[in-house]
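Undergrad: For chain A, the structure is supplied; the task is to place chain B on it using the hints.
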Amino acid sequence: MKQKLRPLEVVMNLLFFLCGFIAVVFVLFISIYLIISGLPAIKEIGLVEFLFGTKWASTASEPSFGILPFILTSIYGTAGAIVLGVPVGFMTAVFLAKIAPPKLATAVRTAVDLLAGIPSVVYGLIGMMVLVPAVRELFHLPDGASLFCAIIVLAIMILPSIISVSETALKAVPKEYEEASLALGATHIETVFRVSVPAASSGIAASIVLGIGRAIGEAMAVIMVAGNVANMPSLFSSVRFLTTAVASEMSYASGLQRQALFSIALVLFLFIMLINVILNTLLKRKKG
Amino acid sequence: MKKRTLALMLSAALCVGMLAGCGGGNTGSANTPSGNTPATTESETPATTQLSGTVVTNGSTSMESVMGSLIEAFKEVQPGVQVQYTGSGSGAGITSAQDGTADIGLASRDLKDDETGVKQITVAKDGIAIIVNPQNPVADLTVEQIAQLATGEVTNWSEVGGNDAEVVFIGREAGSGTRDGFETITGTTDNCKYQNELTSTGEVIANVASNPNAIGYASLSAVDDTVKAITVGGVAPTEETVLDGTYAIQRNFNFILSESTELSDAAQAFVEWATSADAADLIAGAGAVPVAE
Chain A
1 MKQKLRPLEV VMNLLFFLCG FIAVVFVLFI SIYLIISGLP AIKEIGLVEF
51 LFGTKWASTA SEPSFGILPF ILTSIYGTAG AIVLGVPVGF MTAVFLAKIA
101 PPKLATAVRT AVDLLAGIPS VVYGLIGMMV LVPAVRELFH LPDGASLFCA
151 IIVLAIMILP SIISVSETAL KAVPKEYEEA SLALGATHIE TVFRVSVPAA
201 SSGIAASIVL GIGRAIGEAM AVIMVAGNVA NMPSLFSSVR FLTTAVASEM
251 SYASGLQRQA LFSIALVLFL FIMLINVILN TLLKRKKG
Chain B
289 MKKRTLALML SAALCVGMLA GCGGGNTGSA NTPSGNTPAT TESETPATTQ
339 LSGTVVTNGS TSMESVMGSL IEAFKEVQPG VQVQYTGSGS GAGITSAQDG
389 TADIGLASRD LKDDETGVKQ ITVAKDGIAI IVNPQNPVAD LTVEQIAQLA
439 TGEVTNWSEV GGNDAEVVFI GREAGSGTRD GFETITGTTD NCKYQNELTS
489 TGEVIANVAS NPNAIGYASL SAVDDTVKAI TVGGVAPTEE TVLDGTYAIQ
539 RNFNFILSES TELSDAAQAF VEWATSADAA DLIAGAGAVP VAE
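First to last, the sequence lines map onto chains A and B.
If you read the first sequence in the working numbering, its first letter stands for residue 1, the second for the next number, and so on.
If you read the second sequence in the working numbering, its first letter stands for residue 289, the second for the next number, and so on.
A hint or two may mislead.
Unchecked claim - Chain B side only, calculated, beta carbon under 8 Å to chain A, not exhaustive:
no.	residue
1	T349
2	G375
3	S376
4	E461
5	G463
6	D478
7	Y482
8	Q483
9	E485
10	L486
11	T487
12	S498
13	N499
14	N501
The hints are simulated quantities; they were obtained by calculation from the structure and are not laboratory data.
Predicted, not measured: the structure shown is a model, and the values here were computed from it.
We put the beta carbon where it would ideally sit given N, CA and C, even for glycine.
For reference, chain A alone in the conformation it holds in the complex (with noise of 0.2 Å):
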């Protein structure tokens, strides 16, 4: 009998081999196709010009390319994104994993993974259509598309990655540590947070790097609630942050404008790249 199966083993040994491969050679032709279309725009810019010029006029008579407004805006974003989103995330995964009745723990997951099944775009709409005017009305603005807006909806939009996974980890806590730590007098509240998040905070350091990832790479529900206006962040101005300005300028671009928005890319991916290596590294040391 084994002797019969083996040519279908090899057969489906390389093609298991083969769909590995697609997913390296996928990645590797990424990395070297926004490298070699990125690096031009930044060599005939200049890279402390690129990365730390505060003026962006791409379509000027006398075209301007910094994109310090831009980095700044996805930092500040996403750092908000996460002040607001971790705190609710982290609270919803202990009562989750720890507090909840399991009746009303399963409507909730279950609402947590519709909330992450939404497409970012309904996100952007519905920002676009309640959030925003909510906002001009509520803080007395001429206008609501604001960098603000991009925090709430990109905080609600992490919210999933860091419950679950935050969830995970927190179920993955041995039995016997909080046993032990009950047996020893301790509340039950007591007990979570001074054992179980302890022990978890490797997984919880993990959700919270994965929702960063999630906030800087998010483009379309931005695009449609932040304004998209090249200003150097705060909190009310119409602001532009690095996945929008490839986004909103990609269609018509041409010449060194759309060799400027591979660069922005580049920087994009560069920051992606670091998020995944931190998390990998978390990650790790979760195993070990």
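TA: Frame of chain A, contents of chain B only:
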């Protein structure tokens, strides 16, 4: 990752769907007028035997959507002719017609006196409506006032006869043809102070519709009831006022042809067809006002 892949696949499917939709629409509109206008088509049909060759067009990025639908539909008229379009800007389009690198140059402005050796044929006119929220009491502005609102010289609506509220100027992203048209005609190139730069006409309209203090610009054909198109110097933006030239914020979409070299048969056929009544519906569909009767 999975979600992204799925999103990509879905958007690809959407694109295919849209393309299919376009193709269907074009076939319809390309066929119907030829049935309705026997005078032009019958005289042409015997003459236009199946041509072949490549027609190179180059120039204005504003004309991209008009050229896109013309090229798409021309495939039905002359399947053997391939029309290519490169968006490089009106100036480059005129130069390419002068030095012969393109059969047809495309310019979204009229020729200047020093641009010699070429002639222009107006294919369409592009009217840009200035839109405000329906709640805004301002109903008429001069081109100069519009320019002041756009550059931030006037920041409060009360200065132009409106409520005491801050002006929110909403426009399109850099590189957009509508933005280029608006800024060129109002003389505000590179000086506009945008509060919001959106990537489609629909978004501009939606934003103006939801913000009582907003002002924006949009292609005439895209304006709907959710916003108020103001009169410019007392002239309402309509197809008629754009055609007779009384509406100020408009420009010509021109084909630029060399005076010295003869057009190839294929290019000649394309120019004749694009300026005929057959193409009028397509031009209107792409957001411009056709010139042909």
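Undergrad: Does S376(B) hold up as a contact with chain A if the rule is Cβ-Cβ below 8 Å?
TA: 7 Å, holds
Undergrad: Does the nearest C-beta of chain A fall within a distance shorter than 8 Å of the C-beta of L486(B)?
TA: 7 Å, holds
Undergrad: For the hint on N499(B), just tell me whether its beta-carbon gets within less than 8 Å of chain A.
TA: The hint holds - N499(B) has a Cβ within 8 Å of chain A, the shortest such distance being about 6 Å.
Undergrad: Hint validation: S498(B) versus chain A, beta carbon distance must be below 8 Å. Holds or violated?
TA: This interface hint holds because 5 Å falls under the 8 Å limit.
Undergrad: So, E461(B) near chain A? Judge it on the closest CB pair being under 8 Å.
TA: Holds - the Cβ of E461(B) comes within 8 Å of chain A, reaching about 4 Å at its closest.
Undergrad: So, N501(B) near chain A? Judge it on the closest CB pair being under 8 Å.
TA: 6 Å, holds
Undergrad: Checking hints one by one. Is T487(B) an interface residue toward chain A, by the C-beta closer than 8 Å rule?
TA: 5 Å, holds
Undergrad: Holds or violated: G463(B) as interface residue toward chain A, Cβ cutoff 8 Å?
TA: OK, holds: G463(B) within 8 Å of chain A, min 3 Å.
Undergrad: Quick one, is the Q483(B) hint okay against chain A at 8 Å, beta carbons?
TA: Since the shortest Cβ distance to chain A is 5 Å, the answer is holds.
Undergrad: Closer than 8 Å between Cβ atoms is the bar; does G375(B) clear it against chain A? Give me holds or violated.
TA: 7 Å, holds
Undergrad: Can the hint on E485(B) be confirmed by a CB-to-CB distance to chain A that is less than 8 Å?
TA: Since chain A brings a Cβ to about 4 Å from E485(B), closer than 8 Å, the hint holds.
Undergrad: The hint names Y482(B) as touching chain A; please verify it with the least Cβ-Cβ distance against 8 Å.
TA: This interface hint holds because 5 Å falls under the 8 Å limit.
Taken one by one, the earlier hints all hold for this structure without exception.
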